[in-house]
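> Residue 123 is where the sequence shown starts when you use this note's numbering, and the numbers rise one by one after that.
If you are wondering where the hints come from, they were derived from the structure by calculation, not from laboratory data. Here a beta-carbon is modelled for each residue, glycine too, at the ideal position from N, C-alpha and C. No false leads were slipped in.
With beta-carbon atoms standing in for the labels, derived distance ranges:
id: 1; residue 1: Y148; residue 2: N194; range: 28 to 36 Å
id: 2; residue 1: E175; residue 2: Q150; range: 15 to 23 Å
id: 3; residue 1: Y128; residue 2: Y148; range: 13 to 21 Å
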Amino acid sequence: MAETLYDDTYTGDRWTYGLTYRPLGYAQVPAGFIVWSDRPHPDFRFGTIDYPEPLPERVAQQASLTLVAVMNSRLKPGSLCLELHHER
Numbered sequence: 123m124a125e126t127l128y129d130d131t132y133t134g135d136r137w138t139y140g141l142t143y144r145p146l147g148y149a150q151v152p153a154g155f156i157v158w159s160d161r162p163h164p165d166f167r168f169g170t171i172d173y174p175e176p177l178p179e180r181v182a183q184q185a186s187l188t189l190v191a192v193m194n195s196r197l198k199p200g201s202l203c204l205e206l207h208h209e210r
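Based on the provided sequences and hints, a complete structural model is requested.
As structure tokens, this is what we get:
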């Protein structure tokens with residue numbers, strides 16, 4: 123079983139996914155997300171959630187998750203992080 127990661131202590135890379143059709147809850151998203159990483163987002167009614175590694179495309183599609191951003195922990199201070207927005 124993988125180690126549980128928490129938002130306030132995890133400092134590694136993050137893949138942020140938008141919760142497209144359902145809120146975060148038991149059996150609603152694939153296991154392995156960073157606990158307490160859920161946040162509101164203007165493009166997603168149910169907000170976003172972070173993972174420490176990218177989800178396989180098929181897994182993300184089955185859970186109705188949309189990749190929003192990738193945060194690289196090795197970026198130098200002052201670097202830019204790009205965020206993706208889907209068209210409506």
